[in-house]
Amino acid sequence: MLRKTGLEYSVPARGGWTIVHVGMLVPEAHEIFVCAAGCLRGVVLSAAEMNLTGRFSTVAIEEHNVTDGDMEELLIEGVSDILERLEKRPPCVLVYTSCIHHFMGTDLDDCFRVLGERFPDVDFVDCYMTPTMRKSTLNPDKMMRKRLYAAIKPLKTDENDVLLCGNCFAVTDSCDIKVLIEKAGKRLLELPNTDNYADYKKLGSAGLIISNLSVAKDAADELAAKLGVKSLQIPFSFGYNEIKDNLVKLAGAVGTEYDTFEADCRKADEALRAAKDVIGDCRIAIDGMITTRPYSLARLLAEHGFNIDIVFSDSVGGEDTDYEWLKKNVPGIRFEKCVSPDMRTYRYEEPVESSDSKLVQVQDNTSDNGSYNTSITSDNGNNKSDIAESFGNKPKILALGQKAAYFTQSSYFVDMVENGPLYGFDGIVRLSEMMTESFLNAKDLKKTLDIKGWGCESCI
Amino acid sequence: MKQARKVLSTYSSDTFGVISALYGLGGLLVMHDASGCNSTFTTHDEPRWFGDDGLVFVSAVTEDEAVMGTAGDRLAADMIETANYYHPKFTAIASTPIPWMTGSDIDLTAAQIEESTGIPSFGFDVSGMKTYEAGASAALLAITERFCTGEASTRKGTVAILGATPLDIEEEQLDHIGVVLRDSGKEIICTSSMNGTLEELAEAKNAEVALVVSVVGIDQAEYLYKTYGVPYVIGLPCGPVTDSAVTDALEKAIATGKPVTFFEDTVADETSKTVIIGEVVASRSLALEKGGAKVIVPTQDSKHIAVLLSAGDKVIVDEAELENELKSVSDVYADGLYKFIIPSGARLIKVHHRAYSGRIY
Chain A
1 MLRKTGLEYS VPARGGWTIV HVGMLVPEAH EIFVCAAGCL RGVVLSAAEM NLTGRFSTVA
61 IEEHNVTDGD MEELLIEGVS DILERLEKRP PCVLVYTSCI HHFMGTDLDD CFRVLGERFP
121 DVDFVDCYMT PTMRKSTLNP DKMMRKRLYA AIKPLKTDEN DVLLCGNCFA VTDSCDIKVL
181 IEKAGKRLLE LPNTDNYADY KKLGSAGLII SNLSVAKDAA DELAAKLGVK SLQIPFSFGY
241 NEIKDNLVKL AGAVGTEYDT FEADCRKADE ALRAAKDVIG DCRIAIDGMI TTRPYSLARL
301 LAEHGFNIDI VFSDSVGGED TDYEWLKKNV PGIRFEKCVS PDMRTYRYEE PVESSDSKLV
361 QVQDNTSDNG SYNTSITSDN GNNKSDIAES FGNKPKILAL GQKAAYFTQS SYFVDMVENG
421 PLYGFDGIVR LSEMMTESFL NAKDLKKTLD IKGWGCESCI
Chain B
1001 MKQARKVLST YSSDTFGVIS ALYGLGGLLV MHDASGCNST FTTHDEPRWF GDDGLVFVSA
1061 VTEDEAVMGT AGDRLAADMI ETANYYHPKF TAIASTPIPW MTGSDIDLTA AQIEESTGIP
1121 SFGFDVSGMK TYEAGASAAL LAITERFCTG EASTRKGTVA ILGATPLDIE EEQLDHIGVV
1181 LRDSGKEIIC TSSMNGTLEE LAEAKNAEVA LVVSVVGIDQ AEYLYKTYGV PYVIGLPCGP
1241 VTDSAVTDAL EKAIATGKPV TFFEDTVADE TSKTVIIGEV VASRSLALEK GGAKVIVPTQ
1301 DSKHIAVLLS AGDKVIVDEA ELENELKSVS DVYADGLYKF IIPSGARLIK VHHRAYSGRI
1361 Y
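Line by line, the protein sequences give chains A and B. For the first sequence, position 177 matches number 177 in our numbering, and the numbering has no gaps at all. With positions in the second sequence counted from 1, the corresponding number in our numbering is that position plus 1000.
Take the hints with a grain of salt, since some may be wrong.
Listed below are several chain B residues computed to face chain A (Cβ distance under 8 Å; list not exhaustive) [claimed, not checked]:
{"#": "1", "residue": "Met-1001"}
{"#": "2", "residue": "Gly-1036"}
{"#": "3", "residue": "Thr-1040"}
{"#": "4", "residue": "Val-1058"}
{"#": "5", "residue": "Glu-1251"}
For the record, the hints were derived by calculation from the structure and aren't laboratory data. Each residue gets a CB set at the ideal place from its N, CA and C atoms; glycine is no exception.
Between the sequences and the hints, there should be enough to build the whole structure, so can you do that?
So, in structure tokens, the structure goes:
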């Protein structure tokens, strides 16, 4: 096992959103990336595959710019040149700079000051493609969520407007958050639901900012401070009590009561039971791509009798109580770290049969300190192409998430990223339905995983 | 402004050129990058990633490491551990903008890995700011210099295909080249490096002649010519005219023992209303196939490009200049992503170029 190496592997599951996809949530905005060719390659083709080339431009940094020290001039003149050549002037331009600007100490403040003077009709937003900051406190994902709302200016506060901040997907109409807010006689605002730039600017009227993703908390706090209103974090979870606590907090903030806990629990239980009736003891693999809380999901399903086999994640929260619960209460559960280089040649192996004494041991291959408990081995010699497909009329394994599907090579998988439009008890009901549908209907694995940006238009 | 592109895409970079050229040869390949390069390369530039086990990773360099200058030592340790796990035939590191800018000693890191593991190791100090030709060309030359050594024993009737990477050559094109060569009685003993092996590459020195199918194989061909006297032909068979031309050129090269460019005697018709945009060898070959057309090469990071162009051809990397150049044309052979600057009234005949549009088209 390769547990100490810092090299990282990229799983060919492309549904995750990049900063290109996220930036495109600002209606009518034009993205301009100022980067080296290697950095531009991925983002320019992401935009092209989304059929959004018309909203995307680039300024290429060349070696001589580094030695000449003309990064400011390149940025200012490059962006200006593009704006002057566009057929229609966009109301907002997201200018993405890269690691190299920051290592060179490029005077970005001055760049944006000059651009603002040259194009007073344009809202310029400084955005950042800085992967060297990926493991920093304010990582690029958090930063991008903040920059999404940077062009919003305070409007007259409307106490009836509640903004859900930082999500890439609008929640369902039946979502607990939306139902509760509407029960209070208020309106839920969401960036993905804005149709044009004027609508986007109207988000500045929000009287309360809420967020349910940890990467969105900074964005919500910053926007709330700018608008002079409160920010409320209601973290995404699959745990009934945690959901309840959040809904109680939200209810209090919007001036109503959350009084349907028992009924909501029943609905979720019934949905899970209905899914279990169909899925039975089929093994289940979960990844950290479908949801921001894979261990919470695994725990929910395990508590409802599902056969949780394996959890794939990029990292494990050391203090994650759900993770600890799973290790203690789900015999044989396995954990794998997706980015580890040995995952490049990973072959899914069926768990050891119950008669095997090793079953009660937990295989945890996510630890960086090489302290995984045991290594359950199999001599079945499975290849990528001959594992995990259906036997009889039922799948061998149901994967929840694209990475889980890839690693298990299962065509039976729930295709969703970053919690999709789900939240709360209603989210559990919807997910149960998706699990049942995915168990009964195979998908084209490669074709599905090839598409970048789940939910986005794609020309692939 | 030359470096600003309103709507056009960007060509694959030198970093990806290195990895593409070496992919499939059994090496451990690492891009010394924070994040993003791995996903970009394996999504857009490497069609084999989903279905095989080629070893490509990123070093995941962090801000602290870049500032403190500790990334090299950590990279060496990580690659040694990974090499001891996988036992690759070689290891290679391709740099990216931040390590390049901060002066990371990639060669030293490669030397440390080789000293520790005994596995041949390469360092490519590319910047991530040039186009793929620079990296692919350097990688193919380095791997050939290292593994194609010793005494040569020329085998009559054999050909080595050089400069074939998925960035420039499609599988179907490679199949077609194979048919053309075999129909002319030739045996292919090496395809470098797409679908080839390191062992086959070592055989390249024994080829009677080499066929260079893209500009990235020219340095490699020059090495084989100067070291082992293997003559070469530059050109891409892509239809009846060029299929025949390449066959004749191979015989000419064998007879004279000298390099031949099969389109070298053709001159672009400057008044032609037909324009071909793309990689220089493919585009000039296609121009010959189509009976004359002006070639525009939109990249400039290979010293061989200018040499291979005829008087009427051009290198144009400026988007506005290219738009202007196309104003009066009737037919444009180019990758589909050039559709945004094709004037109304002109016809775009799509020629997929992975180095430009990746997996689109």
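Hints, one by one, checked against the model:
no.	hint	verdict
1	Met-1001	holds, 4 Å
2	Gly-1036	holds, 5 Å
3	Thr-1040	holds, 3 Å
4	Val-1058	holds, 5 Å
5	Glu-1251	violated, 40 Å
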